[in-house]
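J.: Protein sequence lines correspond, in order, to chains B and P.
Taking the numbering used here, the leading residue of the first sequence gets 1, the next gets one more, and so forth.
Taking the numbering used here, the leading residue of the second sequence gets 1, the next gets one more, and so forth.
Careful: at least some of the hints might be erroneous.
Identical copies carry no separate label here, and so any pair may be met within one copy or between two of them.
[Claimed, not checked] DSSO-like cross-link-like pairs, simulated, lysine-lysine; straight-line CA separation at most 27 Å:
| hint | residue 1 | residue 2 |
| --- | --- | --- |
| 1 | LYS342 | LYS365 |
| 2 | LYS57 | LYS285 |
| 3 | LYS394 | LYS3 |
| 4 | LYS57 | LYS160 |
| 5 | LYS3 | LYS160 |
| 6 | LYS189 | LYS166 |
| 7 | LYS57 | LYS295 |
| 8 | LYS160 | LYS365 |
| 9 | LYS351 | LYS159 |
| 10 | LYS160 | LYS219 |
| 11 | LYS166 | LYS3 |
To be clear, the hints were calculated from the coordinates, so they are not data collected in a lab.
Next come the chains, spelled out residue by residue.
2 protein chains.
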Amino acid sequence: MEKFFSQRARNIRRSVIRELLKYTQQPDVISFAGGTPDPETFPREELARIAFQEIQKNYAYSLQYSTTEGNVELRRAFLEILREDGIEAELEEIMITTASQQGLDLVAKTFLDPGDVVYLELPSYLGAIQAFRAFEAELVGITLEEDGMDLERLREQVKKDRARGKNPKLIYVIPDFQNPAGVCWSREKREGLLAIAAEEDLLVVEDAPYRALRFAGEKLPSLKGIDREGRVVFLFTLSKILAPGLRLAALVGTEEIVNKVVAVKQATDLCTPALTQALALRFLKEHDIEDHIGKLRRCYREKRNAMIAALEKYMPEGVRWTRPEGGLFLWVTLPPGLDTEKMLPKALERKVAYVSGSPFFVDGKGQNTMRLSFAIATLEQIEEGIRRLAEVIKEELAALPASVGV
Amino acid sequence: MEKFFSQRARNIRRSVIRELLKYTQQPDVISFAGGTPDPETFPREELARIAFQEIQKNYAYSLQYSTTEGNVELRRAFLEILREDGIEAELEEIMITTASQQGLDLVAKTFLDPGDVVYLELPSYLGAIQAFRAFEAELVGITLEEDGMDLERLREQVKKDRARGKNPKLIYVIPDFQNPAGVCWSREKREGLLAIAAEEDLLVVEDAPYRALRFAGEKLPSLKGIDREGRVVFLFTLSKILAPGLRLAALVGTEEIVNKVVAVKQATDLCTPALTQALALRFLKEHDIEDHIGKLRRCYREKRNAMIAALEKYMPEGVRWTRPEGGLFLWVTLPPGLDTEKMLPKALERKVAYVSGSPFFVDGKGQNTMRLSFAIATLEQIEEGIRRLAEVIKEELAALPASVGV
Numbered sequence: 001m002e003k004f005f006s007q008r009a010r011n012i013r014r015s016v017i018r019e020l021l022k023y024t025q026q027p028d029v030i031s032f033a034g035g036t037p038d039p040e041t042f043p044r045e046e047l048a049r050i051a052f053q054e055i056q057k058n059y060a061y062s063l064q065y066s067t068t069e070g071n072v073e074l075r076r077a078f079l080e081i082l083r084e085d086g087i088e089a090e091l092e093e094i095m096i097t098t099a100s101q102q103g104l105d106l107v108a109k110t111f112l113d114p115g116d117v118v119y120l121e122l123p124s125y126l127g128a129i130q131a132f133r134a135f136e137a138e139l140v141g142i143t144l145e146e147d148g149m150d151l152e153r154l155r156e157q158v159k160k161d162r163a164r165g166k167n168p169k170l171i172y173v174i175p176d177f178q179n180p181a182g183v184c185w186s187r188e189k190r191e192g193l194l195a196i197a198a199e200e201d202l203l204v205v206e207d208a209p210y211r212a213l214r215f216a217g218e219k220l221p222s223l224k225g226i227d228r229e230g231r232v233v234f235l236f237t238l239s240k241i242l243a244p245g246l247r248l249a250a251l252v253g254t255e256e257i258v259n260k261v262v263a264v265k266q267a268t269d270l271c272t273p274a275l276t277q278a279l280a281l282r283f284l285k286e287h288d289i290e291d292h293i294g295k296l297r298r299c300y301r302e303k304r305n306a307m308i309a310a311l312e313k314y315m316p317e318g319v320r321w322t323r324p325e326g327g328l329f330l331w332v333t334l335p336p337g338l339d340t341e342k343m344l345p346k347a348l349e350r351k352v353a354y355v356s357g358s359p360f361f362v363d364g365k366g367q368n369t370m371r372l373s374f375a376i377a378t379l380e381q382i383e384e385g386i387r388r389l390a391e392v393i394k395e396e397l398a399a400l401p402a403s404v405g406v
Numbered sequence: 001m002e003k004f005f006s007q008r009a010r011n012i013r014r015s016v017i018r019e020l021l022k023y024t025q026q027p028d029v030i031s032f033a034g035g036t037p038d039p040e041t042f043p044r045e046e047l048a049r050i051a052f053q054e055i056q057k058n059y060a061y062s063l064q065y066s067t068t069e070g071n072v073e074l075r076r077a078f079l080e081i082l083r084e085d086g087i088e089a090e091l092e093e094i095m096i097t098t099a100s101q102q103g104l105d106l107v108a109k110t111f112l113d114p115g116d117v118v119y120l121e122l123p124s125y126l127g128a129i130q131a132f133r134a135f136e137a138e139l140v141g142i143t144l145e146e147d148g149m150d151l152e153r154l155r156e157q158v159k160k161d162r163a164r165g166k167n168p169k170l171i172y173v174i175p176d177f178q179n180p181a182g183v184c185w186s187r188e189k190r191e192g193l194l195a196i197a198a199e200e201d202l203l204v205v206e207d208a209p210y211r212a213l214r215f216a217g218e219k220l221p222s223l224k225g226i227d228r229e230g231r232v233v234f235l236f237t238l239s240k241i242l243a244p245g246l247r248l249a250a251l252v253g254t255e256e257i258v259n260k261v262v263a264v265k266q267a268t269d270l271c272t273p274a275l276t277q278a279l280a281l282r283f284l285k286e287h288d289i290e291d292h293i294g295k296l297r298r299c300y301r302e303k304r305n306a307m308i309a310a311l312e313k314y315m316p317e318g319v320r321w322t323r324p325e326g327g328l329f330l331w332v333t334l335p336p337g338l339d340t341e342k343m344l345p346k347a348l349e350r351k352v353a354y355v356s357g358s359p360f361f362v363d364g365k366g367q368n369t370m371r372l373s374f375a376i377a378t379l380e381q382i383e384e385g386i387r388r389l390a391e392v393i394k395e396e397l398a399a400l401p402a403s404v405g406v
């Protein structure tokens with residue numbers, strides 16, 4: 001069969017991480033692994049009632065094909081949310097996607113020829129890495145510092161790539177509470193990135209799934225909000241602020257870009273489910289999404305605080321972690337010499353799960369890093385899970401040869 | 001912006017047909033244009049009740065991320081339906097797709113390198129043409145006769161393509177009540193196609209959206225049902241037998257193929273909505289789908305008969321049409337010299353809509369053909385719409401220069 005596969009398909013492997021996630025779904029495992037939101041935050045009563053009505057009364061729309069660009073009213077409702085967030089766009093500048101992973105696939109399909117260079121944070125979101133690799137782009141990671149990408153490195157790298165005859169095309173970033181590292185970019189770096197994109201004539205893809213989930217610090221403008229050139233393609237999603245099972249997101253760009261991406265989507269899945277669009281629209285009309293997001297912020301802030309407290313209580317010296325002001329993740333760096341991928345089976349034996357960091361690094365590094373999600377565990381599970389994890393790490397440290405010890 | 005677009009995206013245009021469909025949605029237009037099923041057949045009361053329960057009680061699953069391969073129980077339920085239809089497959093040989101358009105996209109992404117040759121019926125389904133074109137395949141149309149593809153032409157063409165250094169890869173067919181032509185392949189041609197695929201070592205993609213909608217004649221085995229080599233990738237969908245708004249389908253192939261396509265889907269949309277999967281599963285568990293399909297068959301048979309009766313009553317001499325034993329479409333051929341694309345604005349003026357045939361021909365022919373769907377119009381609308389259409393055609397014929405007249 002192998003001979004039938006396309007070149008791109010030969011490069012695609014099932015994600016080790018996602019395969020491992022299956023083992024973490026056993027009920028007695030405390031999982032910090034998935035990127036899934038807490039199901040107890042889903043507005044189930046409201047959505048159940050809405051679904052009943054939308055199917056019973058509005059079946060000729062909600063159970064039928066939708067248009068490729070998506071429900072007009074839902075796009076207007078999204079524009080309203082974006083406007084509140086400082087992003088001004090017209091109806092022709094937004095389209096619905098079957099969640100943001102499709103947004104990434106469509107961006108790759110629309111913009112990337114084999115060999116085109118995509119710059120992304122080191123580490124960056126695994127799903128984006130997969131989407132861009134599937135279209136045979138060359139991925140170049142740029143170190144993520146505490147306040148965003150190392151922009152000097154980015155500028156040099158673009159020049160170097162041009163000099164060696166490459167085609168720099170696109171910068172992919174998650175400026176707010178980045179997955180996996182939880183980093184939030186400073187205002188200076190946001191402006192700096194747009195300046196480099198303008199100088200070097202590059203597109204910017206801004207992925208913003210966690211942007212609304214800020215529970216500390218001052219809100220900063222999105223790249224799209226300060227983009228004056230139409231260079232930024234913005235990916236908005238309901239997955240983390242309403243429910244990922246709806247698979248609903250939107251892509252925002254210039255009319256010319258949206259027009260082209262709609263044509264590409266037509267050949268990709270024809271349309272996003274009318275039913276889930278109808279549910280989301282009614283929810284946004286009848287309920288205050290800001291109110292709902294307020295509840296999410298309180299929920300995740302409490303869990304994040306619990307995880308940081310547990311880390312402080314249990315972790316041995318030499319282990320470092322981020323203190324994110326939003327999102328769902330903490331990023332943990334172990335002393336050099338430890339390998340979180342090799343350590344995972346031992347953690348699973350103790351019934352605690354995490355995601356090892358190296359798959360998020362396009363340069364293959366990050367062996368001593370891990371991502372911890374505080375989203376789905378209860379407060380008690382967070383304390384107990386971090387305690388177990390600290391034990392595993394202490395044992396690993398004890399087993400290290402003295403030369404590389406802390 | 002144009003310079004940022006990938007080579008493939010430059011080749012993709014928004015479908016003229018789909019754009020035109022928007023005008024046909026005015027309430028006073030009688031539309032034979034869309035490929036949409038009759039919304040009055042959707043089991044709205046059942047699905048409304050199921051949706052309420054699945055969200056209220058099962059929210060932790062139905063509103064959360066799903067696995068990429070899809071709900072295990074739903075895949076088992078699909079396998080049961082396929083088994084009844086003579087297709088034996090294991091759980092590892094089936095995966096859920098976000099409707100069959102995604103199945104086509106994933107097939108193209110998994111198998112097609114630029115320049116690979118895909119053979120398809122002339123005419124063939126527009127969505128498939130778009131999906132394959134988006135991956136820069138070379139599309140070669142093979143004449144569709146009354147009982148299936150002209151297999152001698154196919155065999156010669158493959159040899160010719162190999163001789164000119166091309167890479168024949170895949171044959172795409174819709175053997176049951178084909179879209180757009182309504183043709184059903186004979187048993188001999190089904191076997192003949194598989195023989196050629198084996199001889200020439202080609203993959204076969206069998207798209208079967210209308211297969212269950214047979215309302216006359218004898219049921220024939222699917223290609224997948226008589227495939228002994230694992231050469232056939234079968235696309236099953238709920239769009240025409242339950243509701244297209246769910247966007248639910250399945251891809252069936254060897255374990256090796258499904259494994260690879262799952263990896264490709266992971267990078268494409270991560271997973272199909274858990275909610276729509278949960279609804280379909282409950283519906284299939286609690287209701288007899290065969291019973292429901294029986295109702296659809298009666299509904300569409302009556303409408304098809306009404307359309308044929310109206311065509312016989314109103315159409316001028318020289319107009320020919322198919323008499324499909326299933327599906328949603330009639331295929332109409334006008335006398336040479338008429339152009340259904342140019343005629344469409346006149347039909348819309350009379351408030352009747354159809355789809356002109358030429359976009360379904362990868363060789364650019366078929367100007368005098370059109371596709372008529374009998375699915376969504378009422379019996380009265382069918383009679384009245386065909387009457388109006390016949391008038392338009394008569395006027396066009398009268399305006400033809402004598403030399404090309406009938």
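J.: Would you mind marking each hint as holding or not holding in the structure?
T.: Here is what the structure says about each hint:
1. LYS342 / LYS365: within (14 Å within a copy, 60 Å between copies)
2. LYS57 / LYS285: For LYS57 and LYS285, both the intra-copy (17 Å) and inter-copy (24 Å) Cα distances are at most 27 Å.
3. LYS394 / LYS3: Intra 47 Å, inter 54 Å, cutoff 27 Å: neither.
4. LYS57 / LYS160: Classified as neither: same-chain Cα gap 60 Å, cross-chain 56 Å, threshold 27 Å.
5. LYS3 / LYS160: Between copies only: 21 Å across, 36 Å inside.
6. LYS189 / LYS166: within (25 Å within a copy, 50 Å between copies)
7. LYS57 / LYS295: between (31 Å within a copy, 21 Å between copies)
8. LYS160 / LYS365: within (21 Å within a copy, 50 Å between copies)
9. LYS351 / LYS159: Answer is neither: 48 Å inside a copy and 59 Å across each miss the 27 Å cutoff.
10. LYS160 / LYS219: neither (34 Å within a copy, 64 Å between copies)
11. LYS166 / LYS3: Between. Shortest inter-copy distance 15 Å satisfies the 27 Å Cα cut-off; intra-copy 29 Å does not.
In summary, the structure is inconsistent with hints 3, 4, 9 and 10 from the numbered list given earlier, while agreeing with the others.
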